[in-house]
Amino acid sequence: MPNMSLKKNEMPSQAPDVRNKNFLEVALGYTEEQAVDEANRCLHCKNAPCVGGCPVAIDIPAFIDKVKERDFEGAYQVIARQSSLPAVCGRVCPQETQCEGKCVRGIKGEPVAIGRLERFVADWHNSHSAEAPQRPAPNGHKVAVIGSGPSGLTCAGDLVKKGYDVTVFEALHLAGGVLVYGIPEFRLPKAIVQKEIDGLKALGCKVETNMVIGKVLSIDELFEQGFESVFIGSGAGLPRFMRIPGENLKGVYSANEFLTRVNLMKAYKEGADTPIEHAKKVAVVGGGNVAMDAARCAKRLGAEEVYIVYRRSEVELPARREEVEHAKEEGIIFKLLCNPVRILPDENKLVGGIECVEMELGEPDESGRRRPVVKEGSEFVLDVDCVIMAIGTSPNPLIKSTTAGLETQKWGGIIADEETGLTSREGVYAGGDAVTGAATVILAMGAGKKAATAIDEYIQRKNS
Amino acid sequence: MYKIVKKEVLNPTVTRMEIDAPLVAKKAQPGQFIILRVDAEGERIPLTVADYDREKGTVTIIFQIVGATTEKLNHLEEGECLQDFVGPLGTPSHTDGLHKVAVIGGGVGCAIAYPIAKKLHQQGAEVHSVVGFRNTDLVILQEEFEAVSDKLVIMTDDGSSGRKGLVTDALKELIESGEQYDEVIAIGPLVMMKFVAALTKDYGIKTVVSMNPIMIDGTGMCGGCRLTVGGETKFACVDGPDFDGHLVDFDEAIERSSMYRDFEKQAREETCNLFAKEVQ
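Residue numbers (this note's numbering), protein chains in the order written: chain V, 5 to 468; chain P, 362 to 641.
Any given hint might turn out to be false.
Once the Cα atoms are required to be at most 30 Å apart in a straight line, the calculated BS3-like pairs of lysine-lysine come out as [claimed, not checked]:
hint: 1; chain 1: V; residue 1: 146; chain 2: P; residue 2: 433
hint: 2; chain 1: P; residue 1: 387; chain 2: V; residue 2: 194
hint: 3; chain 1: V; residue 1: 404; chain 2: P; residue 2: 388
For each label pair, taking beta carbons as the anchor points, the in silico distance ranges come out as [said to hold, decoys possible]:
hint: 4; chain 1: V; residue 1: 28; chain 2: P; residue 2: 484; range: 53 to 59 Å
hint: 5; chain 1: P; residue 1: 605; chain 2: V; residue 2: 139; range: 52 to 58 Å
hint: 6; chain 1: V; residue 1: 372; chain 2: P; residue 2: 626; range: 22 to 28 Å
hint: 7; chain 1: P; residue 1: 591; chain 2: V; residue 2: 225; range: 32 to 38 Å
hint: 8; chain 1: V; residue 1: 28; chain 2: P; residue 2: 519; range: 52 to 58 Å
hint: 9; chain 1: P; residue 1: 439; chain 2: V; residue 2: 411; range: 45 to 51 Å
Everything labelled a hint here was simulated from the structure, so no lab data went into it. Quick reminder that beta carbons are idealized off the backbone N, C-alpha and C, glycines included.
Here chain V stands alone, though its shape is the one from the complex (with noise of 0.2 Å):
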């Protein structure tokens, strides 16, 4: 008998003003009993709509039918098939928008919390699992993948399962990109994101660090080493500014250099090499995740007083609604219909407040958003010392200058076949946030898987 109850299983969690003075996780994950009473809320529909949803198609009414069997060694082998990275799927997915957003479940009362599920699979695995994955039989052809982040991890687990030789090339020091330096701790701790890389370099996968490719080496150069096929996965790490007057002011943050500082370079410890601004009054100027991940850090750092500030109303907010409400549980104050104009200096030139005006939403643009209007003469000034920047970022122009013939939008995103990821040069293939421009962590988990696919077929062919 199904479990007929409504709403989800809840999932235990910190309380906000406990874990807004801590970087640890949040969330804390559902007990063996409650994956398993949460599991019977699964009707194991036929048509199972919410595969259809994952952009990674996990078959998720078999991997929930082991939950509900207890077996969960059988269920983290069942999402194994599809994904490489299921701690942090499970972690970081808008399901509300993905699987969970198909669940019939979701017609009447709240959907199976797929996510969760996900989640608990995973960690089981990780905590209980010592045996060594069996590494595939190897196929003699080598593959190179440029970036480390959920695209090129993902492509490279695919590949590797199928028994390529693959290289990662990650710039940083440290292999998951966005996993690493973007998304904090208290959200996706670092050490999951380890254990699944440790994971693929198990299974064979070599992971190389201090790679900046255009730079160390060329694409071209890859090539010449014997790399049959390339995947470029470099995301879109290249911050963007609003040009207004006193950005370059001391205590003005791009929300790539203030997460980076926290959580690759990990600032927010007592007694860190790197040093980061402990600020009293905060702003962060954008509405999606990345202000979010920045206003909750720098809450966490001591901040009394954190704005969002956006230039449009909450419903446009394009953070992920369970952000925002855990943005506002832990008292981040939210500035909507608001726009900065300049940031003013302080008398040691340092950020003294940041001017802004009201806005109120006009006709809708080409974006089909409403756009935002300044209200006239509503200028006013909000008193802070730390102004974060969380605007957008573009693909960074590296890769592009330094390879003849890979052609790329005006904006600078790769131009990409959006089936199979293959890009204006033979055997170069992108896919993620180096394609699209700032995206989903599982949007480029998906691209990365077609790319695998695309790759495989690419050189089974050229070798046969």
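Given the coordinates of chain V, work out where chain P should sit on it, guided by the hints.
Frame of chain V, contents of chain P only:
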């Protein structure tokens, strides 16, 4: 891990190290830099490529002990390893088509000026080097500069080596005496570069400076190193570190470089105390 093949003390505060990093050595050009981490907990710091040996696969760095990380770095000995060493980063210095150049180096900035002077010399350009130090104990790379310079002027603040005064005094004299330079290349403390640029602007001589802002990744992903050049925001790690000295907003750059001064001072003291305890 990247092995320290050779370590040499150049003066009480400046050390030279040759690091085993074949891939970096293969591509490095004068004007480019590397980012290193001393150990697994360390911060990322940028240092300019002072020299390289493509055959041996080594890259030379020269650093001044100014804070906690350079203090830790200086405590490593030959045979020990650095955790991370990534590069070459940044755009190489532009040296093509230059026939007569004044290369100005200040303090440890001479370590960056030297490979550029060397490259210009190898290209057959006439190189006049003006190098400045606080006093005679701090003079570095004198022989190296002699070998690649058609004219070398050493300046010290107190006159204990070469001549007494600032590099700008010597440069002004050279220009006034009728030397016609295609370009002046100045590398050293921000204040020194600011005054060199101000001087050459009066004479209308193109001047290139090598900027040294705070950096984290060094690959263009954070903008921590941003500067205003000709009214536009540039990232020193990818657009530079070389820029037209007449267009750089030096006052802003000087302000931005002081961002973490208190933190740095405290970190340095803690590190020094730590090493002092180890000695006891």
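Structure versus earlier hints - violations, ascending order: 1, 2, 6
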